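Each chain, letter by letter, is given below.
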Amino acid sequence: DQQVKQNSPSLSVQEGRISILNCDYTNSMFDYFLWYKKYPAEGPTFLISISSIKDKNEDGRFTVFLNKSAKHLSLHIVPSQPGDSAVYFCAASDNTDKLIFGTGTRLQVFP
Amino acid sequence: GAVVSQHPSWVICKSGTSVKIECRSLDFQATTMFWYRQFPKQSLMLMATSNEGSKATYEQGVEKDKFLINHASLTLSTLTVTSAHPEDSSFYICSASRDRGTYGYTFGSGTRLTVV
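Those protein sequences? They're chains V and P, same order as listed. When the count follows this note's numbering, it moves up by one through the first sequence with no breaks and lands on 111 for the last residue. When the count follows this note's numbering, it moves up by one through the second sequence with no breaks and lands on 116 for the last residue.
Bound conformation, chain P alone (with noise of 0.2 Å):
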């Protein structure tokens, strides 16, 4: 199998502040994991590629300072998200590919985050 685990799954933070959420990979060893956003009723939206013991691939439009990833580990990525504002708040998904022509990608349940 695959499985991918991310925590935590809400968050609530006060605007400023700094979330950091967790992906991993637990029976599988994952060189790229993906960082995923989805706003209310919209489509889910690519951020950035999660490259293992490198830097992180940003999709255009996506600050790469606001957004930090580190994956320093072949089962852990993490996503930071610096200097949270309300507009921030979002569902934020994780996924990993293994072999995605046998095993295809699969997604962690999600973090809901709420800046206020």
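For reference, chain V alone in the conformation it holds in the complex (with noise of 0.2 Å):
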């Protein structure tokens, strides 16, 4: 049961444009949501982060938007840059402080 879902395994975006990743989840518990992004053999790397009381945090190039009705989240990066390539998991937490890893997308900027 993938309570985090990333529909898009993989994502290619040219430097400069927007790069808008997508995250679904099932359990209306969550109430606490990250953007990481990781490398292989590394542990993941924070980026941002958005309660379920908001719908929108930014952060630098980084914005998270929350539709809870729709029990979506996505991350804007803009502008893209190729050193953004990696792999972005988005992640999902409740009161127990349980974080529940998505699927992950691998994005690729290119030049």
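The reader is advised that the hints may include incorrect statements.
[What the hints assert, rightly or not] Calculated lysine-lysine pairs in the DSS-like style (CA-CA distance at most 25 Å, straight line): (1) V:Lys98 <-> P:Lys66; (2) P:Lys41 <-> V:Lys5; (3) V:Lys98 <-> P:Lys41; (4) V:Lys98 <-> P:Lys20; (5) V:Lys56 <-> V:Lys37; (6) V:Lys98 <-> P:Lys64; (7) V:Lys98 <-> P:Lys55; (8) V:Lys37 <-> V:Lys71; (9) P:Lys41 <-> V:Lys37; (10) P:Lys55 <-> P:Lys41.
Just so you know, these hints were derived from the structure itself, not from any lab. Predicted model, so just to flag it, every value in this text is computed and none were measured.
Mind docking these for me? Both chains are given alone in their own frames, and the hints should help you get the complex.
Shown next, in the form of structure tokens:
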């Protein structure tokens, strides 16, 4: 039972354009959402988070949008840079603090 | 800050032996830590929640007798893979949360386990 899903396993974007990564969840008890960037054989690197009481959070080039009614969140990266190429995971937690990861999206930013 | 140190970063062991992985919170006390496993090109799967001073809580499908978790202090949790087999070869990562709304979750750098 995959509670957090990223339906696009990969995404290719030209440098300078916007990257949009999507994530859907099923558990309505999730109240905190995060996005991580990950390279092979390394721990995840935190990018940005959002509480369920908000619908948008912005930090530099990264913006996360939350649509609770649709149980959907997205990460926007603009402008995209070649260094952004990695696997991106969305994650969600409830009041138990357990963090559940999505299936991941491999982003490739080409020149 | 909130720093988590994980050791070793990689280990190779023979089938049938046991391997211990350590996870330490360096600058904060973590009453709860989490252990994940990641197979190549797959997601990070939560294995168990490590609770200081009490038994760990395992996710469905995770063998608690095979993956022994000990959280004897507020800064150290250990995962022991007992009687390791090649199918246990994976990337194991620990995590701790320190006031998730403020500091979020901090992850160790992971341990690559190869069982031969």
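Original post:
Which hint numbers does the structure go against, in order from smallest to largest?
Top reply: As far as the earlier hints go, only 10 is violated by this structure.
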